[in-house]
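Chemist: Here is how the chains run, residue by residue.
Number of protein chains: 2
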Amino acid sequence: MNTEEVAKKVVELTRKQAWHEAVDTLYDKDIVSVEASGMGGQSPEKCGIEAVRGKADWWINTMQVHSFKVSGPFVAHDRFVVQYDVDVTDKNSNDRMQMSEVGVYTVKDGKIVREEFLPFAG
Amino acid sequence: MNTEEVAKKVVELTRKQAWHEAVDTLYDKDIVSVEASGMGGQSPEKCGIEAVRGKADWWINTMQVHSFKVSGPFVAHDRFVVQYDVDVTDKNSNDRMQMSEVGVYTVKDGKIVREEFLPFAG
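As given, the protein sequences belong to chains A and P, one line each in that order.
Anchor point for the first sequence: position 56 equals 56 in our numbering, and the numbering is continuous, going up by one each time.
Anchor point for the second sequence: position 25 equals 25 in our numbering, and the numbering is continuous, going up by one each time.
Simulated from the structure, these hints should not be mistaken for laboratory data.
Among the hints, a few may not be true.
For chains that are exact copies, the list does not tell them apart, and a pair is met inside one copy or across any two.
[What the hints assert, rightly or not] Quick list of in silico lysine-lysine cross-link-like pairs, DSS-like style, CA-CA up to 30 Å:
| # | residue 1 | residue 2 |
| --- | --- | --- |
| 1 | 111 | 91 |
| 2 | 69 | 9 |
| 3 | 69 | 91 |
| 4 | 91 | 108 |
| 5 | 108 | 46 |
| 6 | 69 | 8 |
| 7 | 29 | 46 |
| 8 | 9 | 91 |
| 9 | 55 | 111 |
| 10 | 108 | 16 |
| 11 | 29 | 69 |
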């Protein structure tokens with residue numbers, strides 16, 4: 001798949017919240033995944049498809065999703081951007097939160113090799 | 001300025017369409033600026049602040065701007081993203097067009113060293 005095809009597939013699968021299918025079919029085994037900040041003192045940068053699968057599991061287990069809006073993709077060369085606007089409740093703390101962020105993805109040989117998540121700071 | 005300060009300044013100045021002030025105050029002299037495609041067979045990648053100033057001049061001289069919406073910024077580490085939704089008429093062709101794209105910017109030592117523009121492909 002070229003960058004645009006991968007990008008559209010990410011939009012399609014995240015709209016369905018099909019996290020495992022996205023990881024299994026679109027991610028390179030050596031994916032580097034970068035959050036704005038690490039949780040609990042961990043590094044914001046995770047390496048490898050198992051780490052990304054772990055993040056997906058954490059999200060699915062932790063969040064009650066009220067709405068999940070996916071916008072995009074924006075595509076050029078080996079890069080694409082998707083915007084996520086979510087309304088979730090953390091099942092542990094019972095805190096409800098609305099978050100907007102973009103994912104900046106890099107594609108190589110038809111697989112996502114890097115993703116960076118940037119929260120709204122407006 | 002840190003990444004978030006540069007990002008907010010980009011949003012502030014592009015909302016005012018203050019292109020020259022943005023280039024003069026926020027861009028590194030060795031900026032690399034990448035469009036989705038090059039115009040007239042040119043490379044999509046331009047290097048140096050003079051080339052970026054030339055792009056700003058071209059935009060100002062060519063486009064009649066009906067509306068120019070700036071959303072963001074989204075910020076993490078050395079990277080930020082801004083979304084542009086524009087409605088313009090090309091003064092040469094008289095074609096009116098609505099375009100959405102994001103800019104992905106990289107900051108180093110308080111200056112923008114790289115920008116990539118990704119059009120909406122949804």
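Chemist: Evaluate each hint against the coordinates.
Modeler: Results for each hint:
For the identical chains of this complex, residue 111 and residue 91 are neighbours neither inside a copy (32 Å) nor across copies (41 Å), given an alpha-carbon limit of 30 Å. Taking identical chains as interchangeable, the C-alpha atoms of residue 69 and residue 9 lie at most 30 Å apart whether they share a chain (15 Å) or sit on different chains (27 Å). In this assembly of identical chains, residue 69 and residue 91 lie within 30 Å of each other by CA distance solely inside one copy; the values are 20 Å within and 36 Å between copies. In this homomeric assembly, residue 91 and residue 108 never come within 30 Å of each other (Cα to Cα): the closest approach is 36 Å inside a single copy and 39 Å across copies.
When the C-alpha separation of residue 108 and residue 46 is checked against a cutoff of 30 Å, the pair qualifies both within a copy, at 18 Å, and between copies, at 23 Å. Within a single copy, residue 69 and residue 8 get their C-alpha atoms as close as 14 Å, and across copies as close as 24 Å, so both meet the 30 Å cut-off. Taking the shortest alpha-carbon separations for residue 29 and residue 46, only the intra-copy value of 12 Å comes in at or below 30 Å, while the best inter-copy value is 33 Å. For the homomeric pair residue 9 and residue 91, the shortest alpha-carbon distance inside one copy (29 Å) is at most 30 Å, but the shortest distance between copies (37 Å) is not.
Taking identical chains as interchangeable, the C-alpha atoms of residue 55 and residue 111 lie at most 30 Å apart only when both belong to the same chain, with a minimum of 18 Å there against 33 Å between chains. Taking identical chains as interchangeable, the C-alpha atoms of residue 108 and residue 16 lie at most 30 Å apart only when both belong to the same chain, with a minimum of 24 Å there against 37 Å between chains. Taking the shortest Cα distances, residue 29 and residue 69 sit within 30 Å of each other inside one copy (27 Å), while across copies they are farther apart (38 Å).
Consistency with the previously given hints fails for numbers 1, 4, ordered from lowest to highest.
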